[in-house]
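One-letter residues, chain by chain:
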Amino acid sequence: MTDELLMDAVGMIDDDLITDVEPRRTYRLAPLAGIAAAILMLIGIGVLYAIFVMPSSAVYLDSRESVKLSLNSCGRVLSVSGYDGLDGMTAEVAVAAVTRDMLDSGAIDAKENTLILGTERLSEQERATLTQTVQDVFTESRFHGAIISLPCTDRGAKAAVAEKLAAAVELFSFNDLRQLSANDLNILLHEYEVEDLILSGEPSESGYIGKAAALKRAEANTDLSGANITVTYSVYQGHLVYLVRIIKGDRAEAYFINADSGVIATALKTTPEQLEQTIRAEVKKNNSPDAQSPSGQRTVPETPQTPVAVNTTDAQSRTDQSATEASRETTAPAPLPTAAILPTTAVPFVPTEPAVFEKPTESQTIPTEQATVPTEAEPTPLLADIAYVEVLNYTGAYGNKVPFEQLSRYDKVMNLDGYSDQEKEQLTMQDNRLAVIRSSRDLFYLEAIAYDEGDDALMDYLEDIEETIIPDNVFFRDYALVIAICYHGDYRYSVNSDIQSIQISGNTAYVWINCTYPSNLFNDISPLLHTNFATAKVNKKDLDNIDTLKLIFTT
Amino acid sequence: MEDEKIVGLYFERDETAIAETSKKYGKYCYSIAMGILHQREDSEECVNDTYVSAWNAMPPHRPRSLSAFLGKLTRRISLKRLRSLSAEKRGGGEYTLALEELGECVPASERVEDRFDAQELAAHLSAFLRRLPEVERKVFVQRYFYLKPVKEIARSFHFSQSKVKSMLYRTRQKLRETLVKEGDIDD
Chain A
52 MTDELLMDAV GMIDDDLITD VEPRRTYRLA PLAGIAAAIL MLIGIGVLYA IFVMPSSAVY
112 LDSRESVKLS LNSCGRVLSV SGYDGLDGMT AEVAVAAVTR DMLDSGAIDA KENTLILGTE
172 RLSEQERATL TQTVQDVFTE SRFHGAIISL PCTDRGAKAA VAEKLAAAVE LFSFNDLRQL
232 SANDLNILLH EYEVEDLILS GEPSESGYIG KAAALKRAEA NTDLSGANIT VTYSVYQGHL
292 VYLVRIIKGD RAEAYFINAD SGVIATALKT TPEQLEQTIR AEVKKNNSPD AQSPSGQRTV
352 PETPQTPVAV NTTDAQSRTD QSATEASRET TAPAPLPTAA ILPTTAVPFV PTEPAVFEKP
412 TESQTIPTEQ ATVPTEAEPT PLLADIAYVE VLNYTGAYGN KVPFEQLSRY DKVMNLDGYS
472 DQEKEQLTMQ DNRLAVIRSS RDLFYLEAIA YDEGDDALMD YLEDIEETII PDNVFFRDYA
532 LVIAICYHGD YRYSVNSDIQ SIQISGNTAY VWINCTYPSN LFNDISPLLH TNFATAKVNK
592 KDLDNIDTLK LIFTT
Chain B
20 MEDEKIVGLY FERDETAIAE TSKKYGKYCY SIAMGILHQR EDSEECVNDT YVSAWNAMPP
80 HRPRSLSAFL GKLTRRISLK RLRSLSAEKR GGGEYTLALE ELGECVPASE RVEDRFDAQE
140 LAAHLSAFLR RLPEVERKVF VQRYFYLKPV KEIARSFHFS QSKVKSMLYR TRQKLRETLV
200 KEGDIDD
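Line order of the protein sequences matches chains A and B.
So the number in the numbering used here is just where the residue sits in the first sequence, counting from 1, plus 51.
So the number in the numbering used here is just where the residue sits in the second sequence, counting from 1, plus 19.
Certain hints may be false.
[To be verified] Derived coverage of chain B by chain A (criterion: at least 3 residues anywhere in the stretch with Cβ under 8 Å from a Cβ of chain A; other residues may be distant):
id: 1; segment: 46–56
id: 2; segment: 66–73
id: 3; segment: 88–100
id: 4; segment: 144–152
No lab work stands behind these hints, which were simulated from the structure alone.
Since we're looking at a predicted model, the values are computed, not measured.
Even glycine gets a Cβ: it sits at the ideal position worked out from N, Cα and C.
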């Protein structure tokens, strides 16, 4: 019998070899287990990513600058636009840090004291906590700030405010409102009733001429003495304006007065019955359409909550309350007119008498793209007050110059793009011309310098300007037009110049500069060397289109 | 019941030991016998003989693994029964096939029993199997201890039959080399 012994020997092998014969269960499950483990790992990574890395909410802080804080689901900061070193912090800590930085850098100051805090996908309680955080920073900094707190989308906090205002007030368009500063929006929010947002503190009005001054300007341009007058804030061509309504008998007038400069943007004449409709038509005609507004819903147009009612007579001024009520009655929206009996548009009204504050007279109307450059035939103002210069995209440490007294009203500087630095210097010395505009990242600023030749001290000072031309409160993150004005005259006298506003219309940037002098020097125009900065945010499209700068000096 | 208690019953000469063994290992023993004999009645008789042999062996023998002890008994009894049957009955069974396969490990001219007894050869086999990869070892034991058909082994391990056959062939070649190397057989 062959090999049966071997078969028998197989039957006698060790016990453990006999009992351990079944295939491992893991043979078939091993691949599945691996896949399952991989899936679990991916899910785990996904969960961890969702918790710690993926943005789940955001906080927007809008003042002169706009900052977005992206937060993860744990409420920790993932990123802060324009800031480094805040990652991983809690939202409260980061918001406090950004607010302090805004205060330190001047993004929030006494003139623009409003901060808009918008939260995206955060609870009302969380928003309230962050609002309190901002308030605490204001308090510890002894700063009288104002806060607008509201939920928003990824369009940002300021857009959310503009959207709510546009939805609540028929006169306003979203596109015009979004051009306003945070402080301007806050002023409007205090004037008109808007729901679903929280206001704390009072917006600053220090940058504006004030309702009383607006009233005086309107009074100076009307012959309706003893009329009922109301002054409210409004928006016109993307700017904050005072809307002065004057009603007497069967006559009514409305003045849109720029809140910054006090310039009368436009004036309307109509009847009391047609006043509101005329105002509405004028505003709609000039305001930007709301093509991009996310909200198509509007409410019924309303009269401002608390119009400032002023009567021009002493007797009437003693009855403010009744006057206010009377004014409300007389300025209430009239029924829609029919084409047969009423004009469809108002006739623009230009005051016949020179304004007390502003000059030249053409500056009383905010220029439109159709506006023409004034000619030499225009009345010469007391100051050689309007410089018409070309904006040059020019980079370099360089300053053009022109003696102030040599400025003609519409002095035009040649384009220096094709000139070497040496040639520019020669031009400077020979021509005493004005203005360069330079760019640094997305910041554009104009340097307009004038000085007397032969004065070493002034020369030194101008050289210093080259280094200090950018004020601390100008942020490179934002498009800004920065104007620096330097002019001089006799050392014996001084002049203060404040840039009231910068407005863009078409390809022209208009800069209103208010000059104040000692009264006895009003006619003795010898301004001392003086440097002044002002900034205005303009969007890139507008900025790119600017090729002309107008400096409008007012006293 | 645990194996230790069942063995204890044997040592106590408690007849319930048979019942507990049948209850726990009856199917196991029957499958081994059926794999060799392919006849239900013969297989059942072999299983009963297994119980009797276990009763006689314990005591004094105390198996470390009751299942392996019973398996070996069943296998040996079944093979004995098979060998006592006629040559016609054995033909076509897994035993015959397995025996022919194992014949590859031994030169045709040599009779293994001429040199070794089964006990010594089993020790060499155990050592050889321990050196094999786990799967190859299990497949080998399934095939030549339990005499399971290749098809069943393939299904059990989720292999193809050709893979099992190939694996068994390589293992037999290794076994042959080992036996030659150890001087158990001539090359």
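- Please count how many residues of the segment 88–100 of chain B have a CB within 8 Å of a CB from chain A and say whether that reaches 3. Our answer is that it holds, as 6 residues pass the Cβ test (under 8 Å) against chain A, meeting three.
- In terms of beta carbon proximity below 8 Å, does the segment 66–73 of chain B have 3 or more residues touching chain A? violated (count 0)
- Quick one: see if chain A covers the segment 144–152 of chain B, three-plus residues with Cβ-Cβ under 8 Å. holds (count 4)
- Item | Three-residue Cβ test at 8 Å for the coverage of the segment 46–56 of chain B by chain A | violated (count 0)
The structure does not agree with the numbered hints 1, 2 stated previously, though it agrees with the rest.
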